[in-house]
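A.B. asks: Letter by letter, the chains look like this.
There are 2 protein chains.
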Amino acid sequence: MNAEIIAVGTELLLGDIVNTNGQFLAKELASLGINVYRQRTVGDNEERILGAFKDAFSDCDLIITTGGLGPTKDDMTKEMVCKFFNKELILHRESFKYIEEYFERLGRPFSENNRKQALFPEDAEILPNPNGTAPGAIIKGTDGKTIIILPGPPKEMKPMFNNYVKPYIKKLSDGILYSKVLRLFGIGESHMAECLDDIIEGQTNPTVAPYAKEMDVTLRITAKADSEEEAIKLIEPMEEEIRNRLNEYIYGEGDTTLEDEVAKLLIANHKTISLAESCTGGMVSSMLVNYPGVSEVFLEGAVTYTNEAKMRTLKVKKETLDRYTAVSEETAIEMAEGIARRTGSNIGISVTGIAGPGGETEEQPVGLVYIGIYNDGKVRAEKLNFQGNRSQIRSRAALNALNFIRKELI
Amino acid sequence: MNAEIIAVGTELLLGDIVNTNGQFLAKELASLGINVYRQRTVGDNEERILGAFKDAFSDCDLIITTGGLGPTKDDMTKEMVCKFFNKELILHRESFKYIEEYFERLGRPFSENNRKQALFPEDAEILPNPNGTAPGAIIKGTDGKTIIILPGPPKEMKPMFNNYVKPYIKKLSDGILYSKVLRLFGIGESHMAECLDDIIEGQTNPTVAPYAKEMDVTLRITAKADSEEEAIKLIEPMEEEIRNRLNEYIYGEGDTTLEDEVAKLLIANHKTISLAESCTGGMVSSMLVNYPGVSEVFLEGAVTYTNEAKMRTLKVKKETLDRYTAVSEETAIEMAEGIARRTGSNIGISVTGIAGPGGETEEQPVGLVYIGIYNDGKVRAEKLNFQGNRSQIRSRAALNALNFIRKELI
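In order, the protein sequence lines correspond to chains W and D.
Note that the first sequence covers residues 1 to 410 in the working numbering.
Note that the second sequence covers residues 411 to 820 in the working numbering.
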């Protein structure tokens with residue numbers, strides 16, 4: 001089945017935001033065996049949206065739109081679907097009630113505009129949106145043509161796609177595509193591709209697709225088969241071969257994150273942790289706290305960006321700071337040991353570095369970061385160098401700190 | 411003049427990479443007064459590329475393509491331009507020499523395939539590429555239709571656009587578009603649209619475009635004029651009118667963030683700050699630390715996710731936690747006061763809440779958050795309710811905490 005992805009929104013067309021939805025949907029549809037024929041971005045304009053539908057259906061049977069479901073007059077995706085399929089727009093009572101309650105919970109005034117978000121083409125299959133006020137919908141026209149409308153914000157669109165659209169499409173397609181995703185850290189995309197060159201070259205079924213974003217690298221192994229069981233059997237030997245080559249970098253499978261895996265490892269190993277952060281400013285703590293059960297093992301975090309705070313809370317010695325500076329192996333060690341002793345945790349992790357812009361010296365360039373690791377009485381620090389702007393250096397340092405914790409635990 | 415941006419490449423169509431070129435070109439073209447009519451992504455496929463040209467020229471006079479200029483058989487943008495405009499593909503000697511030399515410098519073998527990169531439609535205006543092996547070109551067809559072909563890699567495409575395409579387009583267009591962006595917090599998109607309904611309805615020049623992403627809401631005021639000066643004059647009264655209605659929500663202009671504005675306000679007011687975070691787990695601290703000069707005012711952050719840490723570091727009383735629980739006005743107040751007293755800062759901010767999933771009671775639902783504010787001797791707490799998953803509740807709480815700081819300072 002051919003499909004076209006249409007992003008609706010003047011803010012996308014004019015480049016105010018990047019269209020990441022297109023990439024997400026394209027990847028997901030491909031993994032479901034749907035042939036993505038074209039992607040297109042149109043502004044909030046009646047004629048152009050209708051024109052896009054017409055042109056898309058000349059080659060495709062399925063259109064997936066993102067955006068244009070908001071409460072303002074600019075938002076007109078549903079209206080255009082009605083016009084195109086010659087359907088009426090009617091109030092969907094359940095959605096209306098849900099949106100009303102949503103605003104009540106938020107303590108925000110429910111505006112008449114928001115009523116518009118509960119209007120849908122007659123006989124549409126409504127897709128609930130627990131993360132926002134715009135439900136989506138599946139609308140069938142004549143001749144087997146279908147339009148699926150999804151909200152624009154990725155945080156609303158992605159769960160809706162996964163929970164409702166994916167199962168719907170799976171029912172449509174013959175045979176199934178089943179994927180397993182391996183997540184890697186600490187290896188570049190090109191190095192990974194080199195390690196798997198022969199596999200990627202010779203792939204038929206299953207296929208192996210590498211993908212990299214920032215420091216997170218993934219490998220998707222996809223098999224086409226008649227059943228999930230059969231697909232899993234096809235994937236197994238391929239996964240084993242990949243693990244033989246790259247196991248040290250693989251931190252998880254499927255929909256997980258480095259911080260979640262680290263939190264799980266801490267809990268499984270009954271190891272408590274505390275953190276002392278300088279340049280990362282609380283980012284490592286904040287990432288760990290995103291794991292719901294982390295209170296079991298996460299005792300405390302200290303954001304000691306100033307020297308005074310390092311001395312006050314972590315008992316870093318003034319002589320150490322004077323002699324070696326705040327960005328040094330010695331300070332990182334005292335920070336890690338200091339926070340562990342303060343809280344009595346098994347593990348203490350510290351991060352101190354120069355995130356820039358400015359603040360560098362000849363010996364200490366921007367991007368220089370020390371990570372200190374205290375683990376049940378033993379303490380050491382590692383020196384790292386990162387490229388990028390302030391925000392990139394900080395998140396790279398934070399992710400590497402997490403990876404150090406992981407390596408202590410496996 | 412209407413333009414369409416066409417990205418060529420199967421890797422984009424299938425979502426292996428995000429199309430950031432589209433955003434860059436759209437923004438640049440808008441600022442040059444070119445009306446971006448549509449964006450489109452097509453695979454490396456003869457028929458579909460020709461179809462895209464045909465469809466695009468039905469509304470536009472200018473097409474800008476990115477990608478498909480590489481050395482392999484899959485790369486066929488130039489071939490398709492020739493076919494479409496009925497031109498011949500001929501060797502451009504200068505480019506050929508340049509590519510040969512490029513490979514020599516890199517010490518890489520020059521392959522016959524690379525000769526293809528020096529072939530261009532006859533009478534094309536060649537755009538040199540100092541950052542790669544694929545020159546671009548401007549090709550004129552009949553009836554004033556023009557195709558500008560650019561390479562796909564952003565670090566080759568962007569300088570080529572800036573150095574050659576921008577001056578070319580400037581000569582073509584009449585007038586410029588100039589925009590000013592206002593950033594708002596604490597108001598929903600629909601409520602904002604209602605407040606500005608009459609303005610948005612009646613807009614001609616300047617135009618006002620609202621846009622919302624997560625809790626961040628922006629308004630773009632765009633004027634068309636002969637010069638930047640004149641455009642600014644057109645924008646001024648419109649901005650004043652908007653500020654009259656929505657000033658309490660406007661925290662900044664242009665390319666800024668709430669955390670940057672808060673850091674700047676703290677520095678300008680010579681107010682030091684320290685933070686005590688429970689459910690946000692260091693996120694507020696981490697956001698503030700992203701502002702490079704923040705060490706002047708940011709004294710310390712405490713990530714006190716457990717009750718023990720709240721007592722140990724913030725001196726929250728055991729009785730308070732027992733009687734009112736960790737998520738209460740009383741605890742938020744003791745946390746804010748505790749961190750301020752510990753560090754001696756002017757301002758102390760605390761965040762404690764139930765981010766879920768789980769952990770709720772009848773009186774304390776998921777999303778309940780208290781923010782405590784200590785400011786030079788006075789202390790209070792505010793109760794808030796957020797929707798969303800754990801990560802959304804946490805970032806919404808963090809952004810609201812920042813906004814509370816902002817409101818203390820203006």
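Worth double-checking, as some hints may not be accurate.
To be verified - Residues on chain D that point at chain W, a partial pick, calculated with CB under 8 angstroms:
#1 G425
#2 F434
#3 A436
#4 E456
#5 K497
#6 R503
#7 H601
#8 E604
#9 G691
#10 K788
#11 Q797
Keep in mind the hints are simulated off the structure, nothing from the lab.
What you are looking at is a predicted structure, and each value in this text was computed from that prediction instead of being measured.
Note that CB positions come from ideal geometry on N, CA and C, so glycine has one too.
A.B. asks: All hints, please: hold or fail.
C.D. replies: Do the hints match the structure? See the list:
For G425 (chain D), the interface hint holds, the least distance from its beta-carbon to any beta-carbon of chain W being 3 angstroms, beneath 8 angstroms. Annotation: F434 (chain D) was flagged as interfacial toward chain W, and the flag holds, the nearest CB pair being 7 angstroms apart, inside 8 angstroms. Below 8 angstroms, beta-carbon pairs count as interface contacts, and A436 (chain D) has one with chain W at about 3 angstroms; its hint therefore holds. Using the Cβ-Cβ criterion of 8 angstroms, the hint placing E456 (chain D) at the interface with chain W is not satisfied: the shortest such distance is roughly 14 angstroms.
Interface restraint check: K497 (chain D) against chain W, minimum CB-CB distance 25 angstroms, threshold 8 angstroms, status violated. Annotation: interface hint on R503 (chain D) violated; nearest CB of chain W at approximately 33 angstroms, more than 8 angstroms. For the restraint placing H601 (chain D) at the interface with chain W, the shortest Cβ-Cβ distance is roughly 6 angstroms, inside the 8 angstroms limit, so the hint holds. The interface hint given for E604 (chain D) holds, since its Cβ lies 5 angstroms from the closest Cβ of chain W, which is under the 8 angstroms cut-off.
Hint on G691 (chain D) holds. Least Cβ distance to chain W is approximately 3 angstroms, under the 8 angstroms limit. A cut of 8 angstroms between beta carbons decides the hint on K788 (chain D): the least distance to chain W is about 24 angstroms, and the hint is violated. A hinted interface residue such as Q797 (chain D) counts as satisfied when its beta carbon comes closer than 8 angstroms to some beta carbon of chain W; here the least separation is about 6 angstroms, so the hint holds.
Hint violations for this structure: numbers 4, 5, 6 and 10, all remaining hints satisfied.
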